[in-house]
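J.: Read top to bottom, the protein sequences are chains A and B. Position one of the first sequence corresponds to residue 1 (UniProt numbering), numbered consecutively onward. Position one of the second sequence corresponds to residue 1 (UniProt numbering), numbered consecutively onward.
Derived from the structure by calculation, the hints contain no laboratory data. Hints are supplied without guarantee of correctness; some may be wrong.
Which copy is meant is left open, so a pair is good if it fits within one copy or across any two.
To be verified - Under the rule of at most 20 Å between Cα atoms (straight-line distance), these lysine to any residue pairs were calculated in the SDA-like manner:
{"hint": "1", "residue 1": "K48", "residue 2": "Q117"}
{"hint": "2", "residue 1": "K131", "residue 2": "Q166"}
{"hint": "3", "residue 1": "K50", "residue 2": "G27"}
{"hint": "4", "residue 1": "K182", "residue 2": "S151"}
{"hint": "5", "residue 1": "K131", "residue 2": "Q167"}
{"hint": "6", "residue 1": "K182", "residue 2": "P145"}
Predicted model, so just to flag it, every value in this text is computed and none were measured.
Number of protein chains: 2
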Amino acid sequence: MSDPTSRDRLIRAASNLFRQKGYSGVGLSEILKEAGLPKGSLYYHFPKGKQELAEAATRWAGAWLERLLDATFAQAESFDQGALMVCETISAEVASQTHVSACPVLSILQAAPLEPQLQITAQDVYGSWTKCIEKHAKRMGSPQPEEAAFSLHCKLQGAWVIAFAQQSNAAFTQLARELRAKI
Amino acid sequence: MSDPTSRDRLIRAASNLFRQKGYSGVGLSEILKEAGLPKGSLYYHFPKGKQELAEAATRWAGAWLERLLDATFAQAESFDQGALMVCETISAEVASQTHVSACPVLSILQAAPLEPQLQITAQDVYGSWTKCIEKHAKRMGSPQPEEAAFSLHCKLQGAWVIAFAQQSNAAFTQLARELRAKI
DNA sequence: GAAGCAATAGACCAATCGGTCCAATGCCGC
DNA sequence: GCGGCATTGGACCGATTGGTCTATTGCTTC
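Build out the structure end to end from the sequences listed, making use of the hints.
T.: As structure tokens, then:
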């Protein structure tokens with residue numbers, strides 16, 4: 001069994017950097033420097049190189065957000081309240097960092113035309129999130145779970161893009177205000 | 001006065017390519033090949049190089065979308081109806097191309113940490129859009145024009161990101177369905 | 001301690017990057 | 001035809017890119 005810390009360090013470093021500068025904006029040397037590992041380690045753990053690392057990083061961050069969704073909705077008493085709490089949780093998460101990082105999927109999205117596998121990865125992760133939200137919508141008796149899931153996902157994506165552009169979580173607090181009014 | 005066609009060709013080529021692969025994902029050689037111009041022309045029209053070209057391309061595309069907003073809202077009988085029409089117009093625009101291109105601002109957003117000027121450009125263009133929507137919201141007697149403008153901008157951004165990921169305008173048609181229900 | 005595998009370390013590669021520079025070209029008023 | 005400026009054409013540059021390859025290290029199992 002391989003030492004998990006090295007592989008993990010690579011994934012974390014890659015995810016952080018990609019979310020700030022995008023897939024094409026980050027060089028392997030920068031990732032390796034951040035992870036404190038030589039090039040040999042990268043190609044040992046990810047033989048297909050940058051693309052495979054980006055895929056792993058995106059799925060890792062995607063799973064993290066899905067856990068966040070599950071944990072937050074588990075505490076909610078209604079879907080609308082859960083939606084608000086998710087928005088507030090992401091807002092707090094975003095605000096806790098010195099820089100506002102983009103949605104992890106966004107980071108690899110623009111590299112999709114260059115690396116077809118990343119397109120599939122992006123669709124997979126987005127699909128998982130929507131399904132996850134839909135699951136909770138159904139569980140809480142939302143009348144149109146599919147529509148509600150898309151609507152929330154769409155708003156969160158929009159707020160995340162704007163927050164990234166402004167380097168501020170103001171968009172999330174504004175969205176939270178909007179969601180609170182619906183309860 | 002400089003010949004507008006060369007400068008314009010560069011801007012159009014750059015905008016198209018950036019919207020597909022992102023700022024860092026496109027090389028100057030690719031832009032020049034698409035525009036059919038040599039490198040000398042680029043640095044004549046844009047002495048500061050790639051960054052200046054990207055800024056011009058983003059502002060150009062930003063102005064195009066703002067004209068689209070104005071033209072669409074001008075035909076609407078209410079803000080909510082205008083919002084729906086904008087969504088449908090962008091949806092049709094997106095669907096008319098073989099590839100779904102990202103929002104022009106998104107293209108340069110992830111390059112912002114590398115090129116500080118692009119961060120300002122992105123904020124400017126987003127700000128113009130929001131103000132433009134707000135202007136129409138006020139004009140049509142929307143009770144909370146600021147909130148309404150942010151809300152629409154946010155939803156459109158989200159739908160655009162998802163549409164880009166899925167390479168389909170399904171997200172826009174879904175958002176249109178949601179907006180139609182509010183009228 | 002020797003064999004053997006997991007993992008690291010980094011030299012090295014061709015290709016491409018953004019950018020600089022200057023000669024050549026085309027078009028203008030004269 | 002000529003001077004002069006706007007623009008083009010493209011060679012050239014150092015730096016960096018993603019990727020390959022091999023030597024070495026360190027642990028584990030006999």
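J.: It remains to establish, for every hint, whether it holds in the given structure.
T.: Results for each hint:
| no. | hint | in the structure |
| --- | --- | --- |
| 1 | K48 / Q117 | within (11 Å within a copy, 35 Å between copies) |
| 2 | K131 / Q166 | between (29 Å within a copy, 15 Å between copies) |
| 3 | K50 / G27 | both (9 Å within a copy, 18 Å between copies) |
| 4 | K182 / S151 | both (13 Å within a copy, 13 Å between copies) |
| 5 | K131 / Q167 | between (29 Å within a copy, 19 Å between copies) |
| 6 | K182 / P145 | both (16 Å within a copy, 18 Å between copies) |
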